[in-house]
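With these hints in hand, go ahead and build the complete structure from the sequences.
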Amino acid sequence: MVRKYVGLWILVLAMAVILPGTSLAAGVIKIGAVYPLTGDVASTGQECKSGVELALDIINNSYDIDIPFAKTAGIPSLGGAKLEAVFSDSQGSPQTGISAAEYLISNNGVVAMVGAYQSSVTKTVSQVTERMHIPMVCSDSTSTALTERGFHYFFRANPNVTIGAQDQFEFLEGMRKQGHSINRIALVYENSEWGSSVAEQEKICAKKYGYEIVADVPYSHSTTDVSSEVARIMDAHPDVVMENSYVSDEILYTEAFKLHNFTPPALMSWTGHTDRSYLKTVGPDADYFVVLSEFNLAMAKTIPAIKQVNDLYRKKFGHDLTENAVRSFNAPFVLADAINRAGSTNPDAIQKALTETNMSAGIMPWKGIQFDQNHQNQYASLVLQQMVKGEFQTVWPPNVATMKIVWPFPGWGK
Amino acid sequence: MENQLLQMVVDGLLMGSIYALIAVGMTLIWGVMNIINFAHGAFLMLAMFLTFWADKLWGIDPLVSLPLVALIMFFVGWGTYSTTVRKVLTGPILAQLLVTFGIAIFLVNLAVFLWSPDYQQLRGTLISGTWRFPLFVVSEAKVVAALASVVVFAGTYWWLKKTRLGRAVQATSISKEAAALMGINTERVFGITFGVALALLGVAGSLLCNFYYVFPSVGDMFGLLAFAIVALGGFGSVPGSFLGGLMIGLAEHLGGLYLGPQYKYAVIFIIYLGVVSIRPKGLFGW
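These protein sequence lines map, in sequence, to chains Z and S.
All the letters of the first sequence, read from the start, carry residue numbers 1 to 414 under our numbering.
All the letters of the second sequence, read from the start, carry residue numbers 1 to 286 under our numbering.
It is possible that some hints are incorrect.
As the list claims (entries may be wrong) - In silico lysine-lysine, DSS-like type, Cα no more than 27 Å apart, as pairs:
(1) LYS56(S) <-> LYS280(Z)
(2) LYS161(S) <-> LYS389(Z)
(3) LYS389(Z) <-> LYS301(Z)
(4) LYS56(S) <-> LYS258(Z)
(5) LYS404(Z) <-> LYS307(Z)
(6) LYS367(Z) <-> LYS414(Z)
(7) LYS414(Z) <-> LYS404(Z)
(8) LYS315(Z) <-> LYS56(S)
(9) LYS301(Z) <-> LYS207(Z)
(10) LYS316(Z) <-> LYS389(Z)
(11) LYS30(Z) <-> LYS315(Z)
(12) LYS82(Z) <-> LYS352(Z)
(13) LYS258(Z) <-> LYS404(Z)
(14) LYS316(Z) <-> LYS56(S)
(15) LYS258(Z) <-> LYS280(Z)
As the list claims (entries may be wrong) - Here's a subset of chain Z near chain S, in silico, CB distances under 8 Å, partners left out:
(16) GLY39
(17) ASP40
(18) ALA42
(19) ASN191
(20) TYR219
(21) SER228
(22) HIS260
(23) TYR278
(24) THR281
(25) ASN358
Please keep in mind that the hints were generated in silico from the structure rather than gathered at the bench.
No residue lacks a Cβ here, since even glycine has one placed at the ideal position from N, Cα and C.
Put into structure tokens, the structure is as follows:
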């Protein structure tokens, strides 16, 4: 009996192995995604991952949302081919990022890359993609230097630190014009690629606009304690503290400032401050910081698609959209647009299509996405926001502000 | 800077004694078994999560759950020894090095899987206040942790020097074979040492939870500092690790204040390199 049907069994088994393989090859386009899924920035990395997953869900399925690729299912020009993300963990380390990227390209056959959150990791990952001729779209790393290396295959949809620092100082100029005396600035920044590059731009702007840097405090973001950092900051009696921190360090600073009842006129921050687990950990102590950001939910007042995307996100992940999720959410759309126009999954064809990108910015408050000669999105911009009673509100620029700024910092527990 | 000096000395001593409390378990394991416990930071994370969930799920304050966490960690230590570490002690040296490394990776990823990589922190514990003095400010939780560290160190020292079991541990650490010939059950001593080491780490984890956040990789930096402390104080020396902890705490804070925070870990590891190059077995090593 068994022997009689052996031939048939082998045929069935062979079909089972071969058929899904061929269908995969025809209908699925693999994209590599390197993010810090473990390590001290893992909570942010998971938010990035959620953002990418939501983007792929919207691209691959049909939703009635007014953003590109939502209404169609898959890539139209490739017969509705689906995008699939293959995630790899960088552990927040530039070295691990290299091997993660190489593995994704060599073993998983990804045709494009997104990621990698920390600028230091994006720097090494993009070196790999450049060498292996794989297009990489970044929408979550901000170090300006990333797009100034003359790379052919690296593109950035989000703003860089030059824009960020410029925005911070234009905001301060506005406050000066309203009669606030602001001169002394304390710079506090994590000392890897991202933090150092922001500080560099902030120093340039401070000089340009005539502010005095009274404390210059670089530190390692994996530190266990920030007492000596805070001592230096307090000792300088700044009018404004500009913090460039990831999550754990931002928690430590917030708690140390509160412990010492340190209340300068303004505490400004970037990045770590919008992380969900930061907000959950410090609770009401996150209020009144002036935070540089690309996105907040209050923007839904002018961009209705935000509410729809947020509803979808909350259904999938159980909480509201965060800035980090939204940042990573953008890159897959840019890639989908390029692949669709290229009509091919050939990396060089995608690269060429990327250079010709001219698309709407989806749920971002930008004019669109179009890359300049350095492959930096020339329309990317930032806003400043403040959290009051658990909700972020835009306070600058004035034309999109949803709330009047609370200035000076009213104190802890107010 | 001068008006911050006292604050830094106080902070340095407080954090130093907490670092020391974390390191003491590592020095015991190292001194007695010659095993470098790479999973020390991961076990600290486990103790912190135990404390965290005891409070979150059942409302048991970290101070109350402390003995329980220490007891659970004792059995985790004993279990780890008898199921994995014991097996590789007779194997090649590389296996001994890698086993705790493997345990660390397993525990951290298990924590990511079970509890997500989010940062979480307890609020409003029994000791969450602040004491303000004219020249410095301290958080109650850090003072309690530092005092507890002193008590634990005194207790551990007494246990090693004055009790029969403690002397058996000492004898085994000097020579396993000679101790066995004297009728000491060295297998049992190893198991107990691993258990006690993790129980002490459990105490540290519980106290840390009063003022520090919990997340799967929380132990990484503490584990690294513990290495420096143990090597500085001397492999296997309990008083050495206390002194080492205080030195590291002070170096971190004063170095951060005077040279700049970006150099504080450089200062710590230069002191460490300096001490081990002059005295390779550490300050109190035997």
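So, going through the hints one by one against the coordinates:
1. LYS56(S) <-> LYS280(Z): Measuring from Cα to Cα gives roughly 14 Å; hence the hint holds.
2. LYS161(S) <-> LYS389(Z): violated (56 Å)
3. LYS389(Z) <-> LYS301(Z): Holds: LYS389(Z) and LYS301(Z) sit about 19 Å apart, inside 27 Å.
4. LYS56(S) <-> LYS258(Z): holds (24 Å)
5. LYS404(Z) <-> LYS307(Z): holds (23 Å)
6. LYS367(Z) <-> LYS414(Z): violated (37 Å)
7. LYS414(Z) <-> LYS404(Z): holds (17 Å)
8. LYS315(Z) <-> LYS56(S): Satisfied, since the Cα-Cα distance of roughly 25 Å is no more than 27 Å.
9. LYS301(Z) <-> LYS207(Z): violated (37 Å)
10. LYS316(Z) <-> LYS389(Z): holds (26 Å)
11. LYS30(Z) <-> LYS315(Z): With Cα atoms ~25 Å apart, LYS30(Z) and LYS315(Z) stay inside 27 Å; holds.
12. LYS82(Z) <-> LYS352(Z): holds (21 Å)
13. LYS258(Z) <-> LYS404(Z): Given that 27 Å is the threshold and the Cα spacing comes to 24 Å, the pair holds.
14. LYS316(Z) <-> LYS56(S): The given pair, whose Cα atoms are some 25 Å apart, holds under the 27 Å limit.
15. LYS258(Z) <-> LYS280(Z): holds (16 Å)
16. GLY39: Holds. Min distance 5 Å.
17. ASP40: Holds, about 5 Å.
18. ALA42: Since chain S brings a Cβ to about 3 Å from ALA42(Z), closer than 8 Å, the hint holds.
19. ASN191: holds (5 Å)
20. TYR219: At 4 Å from the nearest chain S Cβ, TYR219(Z) passes the 8 Å test, so the hint holds.
21. SER228: holds (3 Å)
22. HIS260: holds (6 Å)
23. TYR278: For TYR278(Z), the interface hint holds, since the closest Cβ of chain S sits about 7 Å away, which is under 8 Å.
24. THR281: holds (5 Å)
25. ASN358: Check failed: Cβ of ASN358(Z) comes no nearer than 37 Å to chain S, outside 8 Å.
Violated hints, listed in ascending order, are 2, 6, 9 and 25; each of the other numbered hints is respected by the structure.
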